[in-house]
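**Student:** Each chain is listed here by its residues.
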Amino acid sequence: MSRRIATPELGGATALILHRSHATTRALLRQLVAIGLRAQANWPELDAAVHGADFVFFDADQCHDGMFPWAPGAAPMPMIALIGSEAPGRIEWALGQGADAHLLKPIGAGGVYSALLIARQGFEARRAAADEIAALRARLSERQTVVRAVLALMGRGRSEAEAYAQLRAMAMAWQETIEQAARRICAAGETGAPTLATKRGRDV
Amino acid sequence: MRRDVEIGLLYSRTGDYAAIAAACRRGALNAVAAINADHGKGIRLRVTEQDPAGNLDHYEPLCADMLRDGRVRHVVGCVTSSSRKEVIPALEKAGGTLWYACPYEGFECSDRVIYTHACANQHLLPLLHWAFSRYGRRGHLVGSNYIWGWEMNRVAREVIGSAGGTVTGERHQALGDTDVARLIDELRAAKPDFVLNNLIGQSSRAFLEAMRVLRAEDPFFAEGTCTVLSCNLTECELPGFGAAAEGVIAAGPHFAGAPLWGAGRGAAAASSFEAAAYVAVATLAAIEEGPGDPAARLAGCGVDPETRHMELPVLIARVEGGRFRVLEHSGPVVADPYLARRERWPTARYPALRVVT
Numbered sequence: 000m001s002r003r004i005a006t007p008e009l010g011g012a013t014a015l016i017l018h019r020s021h022a023t024t025r026a027l028l029r030q031l032v033a034i035g036l037r038a039q040a041n042w043p044e045l046d047a048a049v050h051g052a053d054f055v056f057f058d059a060d061q062c063h064d065g066m067f068p069w070a071p072g073a074a075p076m077p078m079i080a081l082i083g084s085e086a087p088g089r090i091e092w093a094l095g096q097g098a099d100a101h102l103l104k105p106i107g108a109g110g111v112y113s114a115l116l117i118a119r120q121g122f123e124a125r126r127a128a129a130d131e132i133a134a135l136r137a138r139l140s141e142r143q144t145v146v147r148a149v150l151a152l153m154g155r156g157r158s159e160a161e162a163y164a165q166l167r168a169m170a171m172a173w174q175e176t177i178e179q180a181a182r183r184i185c186a187a188g189e190t191g192a193p194t195l196a197t198k199r200g201r202d203v
Numbered sequence: 000m001r002r003d004v005e006i007g008l009l010y011s012r013t014g015d016y017a018a019i020a021a022a023c024r025r026g027a028l029n030a031v032a033a034i035n036a037d038h039g040k041g042i043r044l045r046v047t048e049q050d051p052a053g054n055l056d057h058y059e060p061l062c063a064d065m066l067r068d069g070r071v072r073h074v075v076g077c078v079t080s081s082s083r084k085e086v087i088p089a090l091e092k093a094g095g096t097l098w099y100a101c102p103y104e105g106f107e108c109s110d111r112v113i114y115t116h117a118c119a120n121q122h123l124l125p126l127l128h129w130a131f132s133r134y135g136r137r138g139h140l141v142g143s144n145y146i147w148g149w150e151m152n153r154v155a156r157e158v159i160g161s162a163g164g165t166v167t168g169e170r171h172q173a174l175g176d177t178d179v180a181r182l183i184d185e186l187r188a189a190k191p192d193f194v195l196n197n198l199i200g201q202s203s204r205a206f207l208e209a210m211r212v213l214r215a216e217d218p219f220f221a222e223g224t225c226t227v228l229s230c231n232l233t234e235c236e237l238p239g240f241g242a243a244a245e246g247v248i249a250a251g252p253h254f255a256g257a258p259l260w261g262a263g264r265g266a267a268a269a270s271s272f273e274a275a276a277y278v279a280v281a282t283l284a285a286i287e288e289g290p291g292d293p294a295a296r297l298a299g300c301g302v303d304p305e306t307r308h309m310e311l312p313v314l315i316a317r318v319e320g321g322r323f324r325v326l327e328h329s330g331p332v333v334a335d336p337y338l339a340r341r342e343r344w345p346t347a348r349y350p351a352l353r354v355v356t
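So the protein sequences, as listed, match chains Y and B.
Heads up, the first sequence is in numbering that gives the first Met the number 0, so the first residue is 0 and it goes up one at a time.
Heads up, the second sequence is in numbering that gives the first Met the number 0, so the first residue is 0 and it goes up one at a time.
Quick caveat, the hints were computed from the structure, so don't treat them as lab data.
From the three backbone atoms N, C-alpha and C, an ideal C-beta is built for every residue, glycine too.
This list has only true hints and no planted wrong ones.
With the Cβ distance kept under 10 Å, some of the chain B side facing chain Y (calculated, not the full set): (1) L55; (2) D56; (3) E59; (4) S80; (5) K84; (6) I87; (7) P88; (8) E91; (9) E104; (10) F106; (11) E107; (12) N144; (13) N152; (14) Y337.
With beta-carbon atoms standing in for the labels, derived distance ranges: (15) Y:R37 <-> B:E288: 50 to 58 Å; (16) B:A339 <-> Y:A160: 55 to 63 Å; (17) Y:E85 <-> B:D176: 25 to 33 Å; (18) B:E91 <-> Y:A129: 39 to 47 Å; (19) B:L326 <-> Y:A133: 53 to 61 Å.
Required output: the full structure, derived from the provided sequences and hints.
**Tutor:** In structure tokens, the structure reads:
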């Protein structure tokens with residue numbers, strides 16, 4: 000997969016830093032402001048504005064699960080771990096929080112910009128993959144519905160291939176997925192109502 | 000004419016871990032006195048001191064201050080891992096070296112630090128294997144909410160698991176928290192073969208005192224059963240812990256009465272903190288003393304040039320009558336700070352197979 004990175008738009012984005020007041024926090028704030036983000040540091044409580052933040056930086060050495068207003072791994076924005084101790088337990092914890100990128104402490108004059116881009120790319124890829132998996136899971140769970148719909152259509156004297164072709168044609172005509180069409184056919188079979196009328200009826 | 004070498008000491012005289020810092024400081028000053036009294040030496044050590052008073056934010060500026068004009072290039076100091084992490088940028092900037100004389104959890108190899116006390120393959124691994132063959136493999140893990148407790152217990156869980164044992168429970172307490180009732184309740188229910196205590200300071204004392212009460216109440220926990228193991232209990236804490244520390248099995252590179260290693264050979268020390276700081280100063284003096292490649296001189300003093308950690312003896316000892324009685328003395332063991340070189344693990348020297356009769 001090729002990634003094209005045009006000069007990314009970060010100006011005006013907001014970043015929250017969960018780290019005690021320290022040279023690391025100051026260096027990070029300085030870099031973020033220079034890049035054009037609006038940044039603020041909180042410790043030990045995250046500001047209520049965190050839900051609207053575009054990025055969250057957190058201290059992998061001293062933070063714990065209870066400091067975030069979401070379940071581990073469920074942050075609604077890219078997360079960047081600030082790592083001091085490279086002990087595997089801490090790395091594992093930071094990954095469990097959903098860290099999409101990291102910066103090694105002490106933080107000097109560079110590294111923040113690339114961390115922002117890597118974190119955003121990683122977060123978006125992770126979210127897209129999660130959406131796709133959810134859609135595929137939903138379709139997988141409808142397999143039985145499709146089988147039942149094909150069987151219902153076969154009951155009217157068609158072969159399996161003809162029944163499936165008809166189901167597909169119906170889904171296309173109704174402009175919905177095969178799974179949605181199959182669900183409608185099954186529902187119509189149970190109530191005895193004509194399938195096309197059900198669709199039209201819903202459209203009114 | 001002897002050349003003066005200035006060294007810095009960076010130990011907290013007050014605060015939570017002042018007793019440990021005092022032991023390190025004593026060891027360093029004893030070594031300075033011994034070197035300065037030896038007229039055969041080509042150097043004389045002069046000491047500059049700073050006191051961070053147990054405040055994490057004071058370490059970096061005080062260390063930078065000592066290194067500022069370039070006269071001090073060796074700093075002996077720091078007790079906690081977090082303070083060590085704080086001073087590394089200052090050392091990098093000034094080209095100084097920190098001599099770190101406390102046990103820690105590993106996973107670091109700064110080229111600005113020499114580590115003269117033990118990491119996990121020199122304390123935790125030998126201690127656990129010692130316990131497995133004597134008490135069993137069902138271990139209960141307790142620790143403070145700090146990198147030491149988290150990481151030591153994580154490694155212990157892995158070692159116990161790979162030895163076919165079971166972790167019966169794991170609980171971490173906030174630093175300084177002395178309310179151990181819940182921890183004891185869990186322990187009472189779990190009935191493990193041993194407890195690995197990675198609590199720090201007053202939490203550790205509170206736990207050991209509560210264990211003593213439990214031993215009197217519950218026959219399963221009677222004296223001599225369900226042993227408490229520790230990698231950080233030393234002579235520094237024994238006076239304060241009193242009878243509560245009796246029976247604890249601890250691992251370390253030194254206990255009072257044992258010989259020192261490397262450049263410290265021939266000297267005495269009252270605890271492993273004192274010993275490791277003594278060896279640190281003796282080693283830096285040996286490097287400053289002579290000509291030749293400093294890396295080769297470091298290796299000659301037992302410092303692995305790759306990891307900058309020291310090879311150490313491994314002692315297992317039991318607290319009896321307010322002092323440690325050494326039960327086993329082995330080593331030297333070369334440090335494996337990333338637990339990535341199995342051949343350096345003490346158990347790797349023994350065959351993995353057990354004799355079945």
